[in-house]
Structures are given as structure tokens and as C-alpha cells.
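Novice: Now for the letters of each chain:
4 protein chains.
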Amino acid sequence: METKLKTAVLGATGYSGFELTRILLRHPGVEKPVLLRRGVEGNGSGHGASHFHVEQPVNLADMFPVISGNGSYPLQPFSWELLKEQGVELLFLATPHEVSRALVPEAMANGLRVVDLSGAWRLRNAEHRAIYKFHDDDAELAEKLTGQAVYGLPELHGEKIAKAKLVANPGCYATSVILALAPLVKAGVIDRQKGIISDSKSGVSGAGKEPTPKTHFVSVADNLSAYAVFGHRHLGEILEQLELNSGELIFTPHLLPIPRGILSTVYVHLNREMKAAEVESLFRESYAGKRWVRVFATPKLPEIQFSVNSNFCDLGFVLAKDGRRLVIVSCIDNLGKGAAGQAVQNMNVMYGWNEQEGLQ
Amino acid sequence: METKLKTAVLGATGYSGFELTRILLRHPGVEKPVLLRRGVEGNGSGHGASHFHVEQPVNLADMFPVISGNGSYPLQPFSWELLKEQGVELLFLATPHEVSRALVPEAMANGLRVVDLSGAWRLRNAEHRAIYKFHDDDAELAEKLTGQAVYGLPELHGEKIAKAKLVANPGCYATSVILALAPLVKAGVIDRQKGIISDSKSGVSGAGKEPTPKTHFVSVADNLSAYAVFGHRHLGEILEQLELNSGELIFTPHLLPIPRGILSTVYVHLNREMKAAEVESLFRESYAGKRWVRVFATPKLPEIQFSVNSNFCDLGFVLAKDGRRLVIVSCIDNLGKGAAGQAVQNMNVMYGWNEQEGLQ
Amino acid sequence: METKLKTAVLGATGYSGFELTRILLRHPGVEKPVLLRRGVEGNGSGHGASHFHVEQPVNLADMFPVISGNGSYPLQPFSWELLKEQGVELLFLATPHEVSRALVPEAMANGLRVVDLSGAWRLRNAEHRAIYKFHDDDAELAEKLTGQAVYGLPELHGEKIAKAKLVANPGCYATSVILALAPLVKAGVIDRQKGIISDSKSGVSGAGKEPTPKTHFVSVADNLSAYAVFGHRHLGEILEQLELNSGELIFTPHLLPIPRGILSTVYVHLNREMKAAEVESLFRESYAGKRWVRVFATPKLPEIQFSVNSNFCDLGFVLAKDGRRLVIVSCIDNLGKGAAGQAVQNMNVMYGWNEQEGLQ
Amino acid sequence: METKLKTAVLGATGYSGFELTRILLRHPGVEKPVLLRRGVEGNGSGHGASHFHVEQPVNLADMFPVISGNGSYPLQPFSWELLKEQGVELLFLATPHEVSRALVPEAMANGLRVVDLSGAWRLRNAEHRAIYKFHDDDAELAEKLTGQAVYGLPELHGEKIAKAKLVANPGCYATSVILALAPLVKAGVIDRQKGIISDSKSGVSGAGKEPTPKTHFVSVADNLSAYAVFGHRHLGEILEQLELNSGELIFTPHLLPIPRGILSTVYVHLNREMKAAEVESLFRESYAGKRWVRVFATPKLPEIQFSVNSNFCDLGFVLAKDGRRLVIVSCIDNLGKGAAGQAVQNMNVMYGWNEQEGLQ
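Protein chains in written order, with our numbering: chain A, -12 to 347; chain B, -12 to 347; chain C, -12 to 347; chain D, -12 to 347.
Check before you lean on any hint, since a few could be wrong.
Just so you know, same-sequence chains aren't split out, so a pair can sit in one copy or run between any two.
Unchecked claim - The calculated lysine to any residue pairs, modelled on SDA-like cross-linking and capped at a C-alpha distance of 20 Å, are:
no., residue 1, residue 2
1, Lys308, Val45
2, Lys(-7), Gly310
3, Lys173, Pro61
4, Lys150, Glu85
5, Lys131, Phe51
6, Lys201, Met50
7, Lys308, Phe217
8, Lys196, Leu229
9, Lys(-9), Val45
10, Lys287, Ala215
11, Lys120, Gly175
12, Lys(-9), Lys277
13, Lys152, Gln347
14, Lys196, His219
15, Lys308, Gly195
16, Lys181, Ala307
17, Lys181, Arg220
18, Lys(-9), Pro198
19, Lys152, Gln135
20, Lys181, Lys308
21, Lys181, Met261
22, Lys150, Asn296
23, Lys120, Lys287
24, Lys201, Ile54
25, Lys173, Glu76
26, Lys308, Glu76
27, Lys277, Ser59
The hints are simulated quantities; they were obtained by calculation from the structure and are not laboratory data.
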């Protein structure tokens, strides 16, 4: 880490982008990141939570006083020239998926490495991708880049991420569900016929910064609601990563009256009788050496508070007395391991650093 | 309703008992209820949230200023003599289950009708009952009374409740789950082999008024936790009422950072392909004329806010495109339809009144 | 109450308007209110939280499932003809102040009585009114109507309200502050030289239903913020009603992370040494017979929870040992006594009914 | 910082003590702290939130899973021998004030330096101290130590703290109020005759970890309450530090429905007309070089969210147009600058380190 890495963040004013910026600012291997805004003159599309129409550089600390008192953080208009001038090697996109989809081809052409926090490049299966309604300018190129993109879950794809040009940072829900299930799927112990269920609950920052009737305080407080049943965008990722058929998993998201954190309660029937110790070993071995996954000793279960403001994914489980029915609880911070933390973990892997660097 | 019914409430200082008292106070068919406290000289056991050791009558309005400014609500020491003197016909027990278990035999001997809000008399199956660790003074009598007790879910057992001497008011979670599943179970459309799952979430008042580390504001706020996985006391009720084997249902409660309300997300595999309209009809027909169950037009789903502070159970569902997998969302107020509201609804049925009386 | 009063509500889809509608629906003296929406063809202005652009009548129960299951509540396009046809006598305006300002002249001309929940007609003093930036079509008429409007605080102006054509329903903050101070001001016991302070805190529904960055759940939760220091619109009302000079009162609103409720902590220096009992008597006598004001026995203090979902204003106080410095705590529900409840209380007074009618 | 400082924490299981432990664990100048528990055999008194009666060492990570996954944190029974053996130089007391009062004399005798987070040693004035009801074994010694103790507000007493043996870490409320007022008091611009008011609001962690009816989630959520009006323990500290007479300040604490954070709204009348720029300069100059105080450009005001999870005290203000009336808003994290963060800042000053060390 002699010379520090030059990075840029596009979309630093959204929840994930701001969280990412804060982590990068204290990461010992990284220079103060170039913070970019999409403007009228910009190359990006016009939509998204992070647009604004000022001409002058804006100080991020004015928008987020939490980081004030320690210098200034100007947001500069996005341009490829600026990235070049600044010697940026790694570009983080915390942008709406349409924007990421539009920008990545040129980023690749410019020799940048990219960690994209949107859903633009996570899905191989065109059927799963349909939900995003992409309009690629060059469909062939987009297909090629899709093939090259690596799904950025370091616990599963560390080696590929290390070499990747384009890392598709996973969805928050998807991270919590995939990490809960991957060891069991890989071990082949699930009775898939009986169906797997993930009943997932997320804090409101997962819904983005856009003020809507759904995110109004009065709509959320003292409430709980299920939404996008059988139709959430993260379902495709989960199915692809776990190699499940669409009929084998039900994933139901719920909106919790808390700012951040996800808890997924995952239900699985085993195809043979197991002992709790055996299940625990399976989890522990699967995540041996993976510092960002904590396996709880059964029957202790993680709670959202334990992993909020961290990059941890906490996993715990209870096995029924019949040794056949398993309830797994998986907790993450949707802005941590579910977005910005994981993006930095991916960067650490991409540059051969310790996975914990800058994240503690 | 010429002459008003004389009722008494034991345990008016707990969450359910207080809610019950408030409803009774505005019920047109009921006199101002006799409010009872268990004291040193009392016949009840010493434990429970509603004990206190003062000699003088206590004004409930001093403990709950929300009802102040409208006269006084003295709490009198419990005694059978007092109930007799006051001409009480119907006794509500909002007491810990041990207390209810101990008091009901004498209440029956004294010719009172009883609505018991605890778990003391809900379960026929001794195996399910084991979790409560009852120590009956007269086991034979207790068994006999258990047989006579009617499970107080008016939508299912209205006729029996009308004649009942002893009504066992259902558990809050159980109410939300049973009403979500009863139509499907009765219609025989569930593929039980694949297992039914109820992922249930409750507000903190469901955990009672006792201050504990688990109910401390700082433990609950910004958090979500699962608990009692495979081992919650309401599981037995659900199994008995739906006539399910214990292996056929997983019920997982969670503690929500809200004061009141329950949302159960219930997962079912159907044993034949159905259409959404068919499922909706099934629900609508099952609850035709049942004013306290609201069936939502699919794919609209209830939210906790819609039924809080009411006696409604709201039901909605989404059916997968394959016509085989069904997600039902069931919402109640745990202190309303899940406790005090339902107790009053039971009273209405017991005395031949309109089920909505006093509950609107 | 033989024949029921015919009322209409314009703006039933906002927080106050919906709360008002719910109260009117259960008020024994009132017919089911005519619910009105402002449309493209409407006479009202285009702004405000309650606009929508559908042609068909909308069922309010579809927008607020909390009232579903009990018939339909169609929203009809506003027109003076409709009001006439329906025989409406009393019109409630739960509209932005510009809309109220624009509609009231014609309502008066049509012989309607009006209770206006906005700030349009509360202020006599043009200087105070400047903050609203009214653009009256007929300035002279507007001035005349301003003179006729009665400030709808029944505890202070009951007799005038009884005869009023146009009642200007008070602001929520203003209600909490004025009721806390009126007895002391009237008794002349305040040392005004030292300044009066009201540090007021409100739940988010007070900020209206419009989704904004300020009302986003993530902005409000786990937070507290002061705003509009020295410049809140309710300041003028408070000054006028208490006949204070602008330099004599500081009023600071804060946004609380709760859906509803206001607590004002009011600080006063007395101009002579008093005893707590004397202060308590002053409050009790001032509000003798006023059923919607509850005076707490010192040093007990009201909390927001005690008056939420009610029409009560709760008042309590603590006097310093020096007998000179007084802290008064005043709590209301901003949608109850602070808006819809008070509007109904005003109606009760206007029609000679019991002030509690429909509000219990 | 070649050799690291050896510290110990007594009371690591309370909110402040745990927060302190977390900060020390990542502080570059400090070895992993010795974590102590008071036991049956211990020298401390029996009360307080952090007692437990186990014989075996307890792993703090088992009680606080948030720090699990990174080794073990055994709690050892407190004894002076252990501190000696471990070479502890600096002892942090996160204990009830009676315990701190009892332990400090021996700590001093043993040559330890102490940072005490309780109220035991903050007050010189015996009248102010009366509220704590201390029972000193050796009253003379206690008086002497009281005289030696330094009030640990580094922005005011940095030089004395640097040399202190015993640092009395300020109260959370007191910190927020004193820092808001100190520049104005020192400059002599306050009209004290008119009285100063601090209307302060705190999150629930400030009330400690003990589960009580007041800290039950259902009591706090959707609520706000004032308490201890004219009688809070922190009042004495504020008066002493600002050299005010008791009649010159009203301090009213309120309990907010949030886990952590304090906002104090402070009201002051100036004794001469000032301009906002002049007031801002006064604040900026007073805190020049003080990195943990952030002065906001008027009229921007701090919010609780901005300083939560930090050691910042954020100050902002609005001056009335008359140039005479000033509202100051002061925000801190009650567990950060209000307790553990400040304790570490004090340590940094005591050992000549950068005040920001370990706190970023």
C-alpha cells in the first residue's frame, strides 16, 4: 500500500454512495476519492436520486453535516476527462441501474475497473433481467460485458473478483439470503421439492432516499408491510447464485420501521435427518477464514442491532427436534455488507489487500 | 339490553386488561365493570404483572392518565364475596395463566361465566399443555373444565361460545395464524407434506408490561429479532385448532420495534393448481357475515397500521403464477382482536348481542 | 338532534381531513359527510396535498384501508352546486390556506357556515399575516371576512363560536401554547419583561402528508431537530390570542420522531411569588367546566401518550421553590385537539350540542 | 506512543462502559483494556447496573454480540491486586456514583490515575452534592479528593486535565449545556436577570440499562415526557461550571423515543444588541482549535443525527431580529461526547496525545 489507490464515486449523495464515501475516506489504502455528480452536461442519464442541477461544485459536507468539520468534499461534474486527469483507477457506481448500464461500456473502454452497486450487471439469465427493462445501446456489447461481470460476493467468488474488471455488487436482500443458504445448497442437504422460503425484513434506507408516500415517516412508523411478493428484483440474483429453479424459492420482502438493517428468516426442509452440531459445522466450515461472516452457536440467533454499522453478515439457526426442519436467521446492515461495505470488501479483494482493510 | 350486564375484570393494570377495561367502559350493554386487584389476602397466586401490595383502593386513572378527567376507577381487592355482592355475572381474567388456572374452578362453582385471556384453558392436548407447567390442585376437575372450555374464536366457534360457561380467549399470534389458514385447511387445498410456515412479527406490548432487558427501549428500537423458534406457547393452539400435526407447521415469532400490532406472513403450498379468484372466493365465503375479518382484494395486502386500535383481522394474499404457492398476510392488533377486543366479541356472542357492539 | 346536520369535507385525503372524516362518521348528530375532492374542473386552486386527477369518484376506503369493510366513501368533485343539492349546511375546509382563502368568500355568499382548518382566517394583524403571502381577489371583502372570522378555540371564545359563520380552527402548536398560557396572562401574573418561552415538539403528521426529504423516515427516525426558530407561522396566532408583543414570546418548534402528538414546555417568570396550590387553582378555575382540558395535580406532568387519539389538552406544571419560575407542560394530539377534534368541538358549539359529542 | 498505555474499565457491561470499551479496543495508544466486574468478593458496593454473580470469567462478546467474532473479552473480578499485576496505570470507572465514591480513595492511594464517568466527583459545592446522598467513610479525605478532582471538559479545563490524577467526566446533559453557554457567559453578554433556559431532550440510553417501567419500549415509543423539572442531578454541574446562581438557569430534561443523542435548546437574553456575525465569531473564537466542537454557520442548526456515534458537540444558533434574544441548539451523543467519547478525550489530554486519537 505504498502509493494509494485513486478511486472515484459517482452517486455519493445517495444512501449507499454516501456510506461508501465515508468508508473510503478512512481506508488506509485509498486516496481521498474523487466525488462525482451527474449534471446537465454529464454523460449519464437524467434520473436517479443523486441528480442535481447546480453549476458550482457542492460540498458533500453541506448536504451531510455528519462529516462536516474536517475539510471539504467537493462534488465535481462527472466526465471521463476528469477521471483521466485525476488518474482514477477504480470507479464506484452508486447510481440507478439504467445509469450504470449506460456508463459501464465506456468505463471498460477507458480501462477503468468498476464496482457497480446497482442491479445493472448482476444477472446472466435474460429472463431474470427482464424486470429491469434495460435498453442497451449496443446489445451485443452489453451481453459480452454481462458475461464478464463478476458477482461481487467475496465469500463465494473471491478468486474471480480478484481479477475482475467489472464487479456487480450484490443486492442487499440477496446478500443476506445467499449467504444463509449457500452452504446448505452446496452440501446438497436441502429437500428442494418442499420449497425454500426467505421471509426478509429491511430498514427503510433500503428503499432509497427518494421521498415517496411509502417512505414518509407516518407511513412507516408503527407499521410493517410486505411488498413485491413473488416479484422483487433481487429474486433473480438469489436464484442464479444458488442455482435454484424459480419454483424452489419464495422470497418475501417486508418494510421495517427502522432506518437500516436486514433480517432474513430462511426456512428449509432437509433431505435427511441431521444433528444441530452437524449443521453448525457445515456453516463454520463453509465460512472458515471468512472474517465478515459470523456463525452463531445454535440456538443463539443474530439480531439486526448486532450487525448494523458493520460489514458483518451474522448467521444463526435452530433445527427442529425432528432433525429435518431448519430455520436460519441472517442479519446484515443493508448499507454495510448489503451495499457500501461489501463494495469496499470487493475493492480489497481486487487489489490483493486484507478483506478487513478499512472496514473495522 | 334493558338491564346492563355486570362484569368484573381481574388484572386491569396489564396491557390487555387495561385495553379490555377501556372497551367495557364504552360498551352500551355493560355496566361500569368492577375492577379487581389481587392482594396479599387474595385468592390468586402472587406472581404476575398486575400485582401490587397497597391496602387502599387504587384509582386506575392514576396509573393510566389517558383515562383521567372522567371520574374515578377504583381497583378493589379481589374476593368471591365482592363479586357476589356486586351481582357480577361475567368475570374477565386478564391474569397470568397460573392464576387463571387456579381461579377458574371456584368461579365455575360460583356460577360465574368466565372469559379467560390467558393460555390456561386453551389446550386439550396434554402434550401441547406441557409447556405451561400447570400444577392443578384437583387434576380431575381441571381436566373436566378443560373439556368444557370453548376456544374463543367467534369466527370458528360462534355457536359453542354462545352457550359457554368458560371461554378461553385465543393467543394473539394464534388468532392471526388460525384465521389466515382455517379456510384453506377446511377446504383441504393445502399440500401439508410440504409444510406450512407462519413467519409472525409482533409489537412489544405482546411481551407484557414487565420491564425486562428484552423490553428495554434500547434493546428493541432499531432492531428485529426472532425468538422461541420451534418452541412458542401459541404453537399448540394453532395446531389444535387447525388439526395439524406438529411437523406440518413452523411458527416463528419476531419482536418488532413498535408498540402494538401483529403481521403474520403465512406460506402454503397448494395440492392443486388454483386461480387467485378461486382463493379469494374461498376466503370471502369462509368469512361471509363475519364483520371482524376483512378480506383484501388480491394482490392488495394488509399492513399493521390498518388494524391497529381495532378488532379487525385483515387478510390478504398473493398467489404465485404457478397457481401452487400462496403467501397470505394476516394483520391484527395484538391487544384488539388478539386479546381485549376478541374478549369483548366473545362476550357479545355469549349474550346474544351484535358482534360489533362496543367495538367500533 | 332529531334531523341530522349535513356537512361536507373538502380535503379528506390529508391527515387532518381524514381524521375529521373519521370523527364525523361516528358523530351521532351528523349525517355521513359529503366528501369532496378538488379536481381539474374544480373551483379551488391546484396545489395542496389533497389533489388528484382522476375522473371517477374515488373511494376513500381504498386510500385508507383502515376504514374499509364498512361500505364505501366516495370522493366527489367539488362544486357549489353539489353542496346545494346535498343540502350541506356546514363546510369543513381541510385545505391549504390559499385554497381556503379563495373559497371562503363564495361559501359565505352561499350561506354556508364554514370551519376552516387552515391558517387562512386566523390572523387579524396584517403583519402577522404577511408570512402567508395571501393574494386576495377582493382585498376589501377578505378584510371584512377576516374581521368576522372567529378564532375557534372554544375554551376562550365559546360564545362567539356559537354564532359564527366562519370559524378559523387554530393551529396545532398554537392550541397547545395558548391553552397553557391563557390563565396566567389573563390573571396578569407573568413578568413579561423576562420573556415567555415555548419550546414545542411535534410529531411528523403535523408536517403534512407531502413526502419531502424532511419527512422521509430515515431523516426523522432516531433524530430531533429544531426549525423555523423565530419564524414559525403559528407565532402570530399565539401573540394575537394572548395579546403579547412579539418580543415577549419565543416559540421554537421541533420535529419529533413520532407520528402524532405535541408537547410544549412553556417557561414563565411570575411577577410575584406564588404558591403551587395557587397556580393550580388558577388553572383549575380557568378551565372549570371545560371538559377537553385536563389540569394535572402538580408536580405530575402530562406526556404525549396520554392525549394521543383524543381531543384533550393536558396541562401540568412545576413551580420552582422560589415561587417565581414556572414550567408548564401542555400536551395535545396535533390531529385531535390540534386540528380535527377541535374542528368537531367547534361544530358542537356552533350547533348548541354538548362539546363532547362524537369525540369520546 | 511506543509502549501502549495499560488501562482498566470497571463497569464495561453498562451502556457507557461498553461504549468506552469499544473505543479503547481500537485506540492506537492503548493496550486491550482489562475488563473488570464487581463480584461478591469485590471491594465495590453491591448495587448498580453492572453487577452479576457468576464465578467464571464472562466474555463480554457473549453479552454484546456486536463485538463477537474477533477474539474474547473476559470480564475479571475486580481487585486491586489484579490491577497491580496487570500494570494498569489508568482506571476508568463506569460505575454508579456510590461505587465510584467508595473506590476512588483507594485508587488514589494505589497511585492510579482515574477517569470517573459517574457524578461522584464533579461537584465542589456541598449544596449541589446533596442530591447524591454520599456516605463517605472518610469525609475529610473525600473533601480533599473533591478538591483535587478536575472536571473533565477538555474544551474548558485542558491544562488541568493534563496533570490530573482524578478526572470527573461530565454528565451528558451538562456537557451539552455548558458548551452551548460557556462562550457567552465568559464574554459577559448574557442578561442573567432574565434567566437562562435549557430545554434538553435525551435518548433512552441516558437513563441507563436497568429495565424499569420508564424505559419499557411501550412507555417510551410514540411519546415524549419532561422529568425532574427543577431537580435534575446535572443542574449543579452546569451552575458550577458556568458560575451561575441557581435562580439564573432553568434546566428541563425530556425523554426522547430514540436510543441515543441529546439536543439542548438553550434560550438566552443578551444584555446588549448584537449581530449574528458577532455571536458566530464569539463561538468560533471560543472553540478555535477545539476539534470536537463544531460551530454551525447561522441560521443552520445541528440535529441529533449529525453527532450520534461521534465525539462531536455541534453548536448552532439563531438570533432574533431585535439582536437581543438568542436560541442556541447544542447536540451530542450522550454516550459519545456525553460519556465514553469524552472519557477517552480526557485520557488523550492526560497523556499528551492528540485529542482526536482513537475517536475518529
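Novice: Looking back at the hints listed earlier, which ones does the structure fail to meet?
Specialist: 1, 2, 3, 4, 5, 8, 9, 11, 12, 13, 15, 17, 18, 22, 23, 25 and 26
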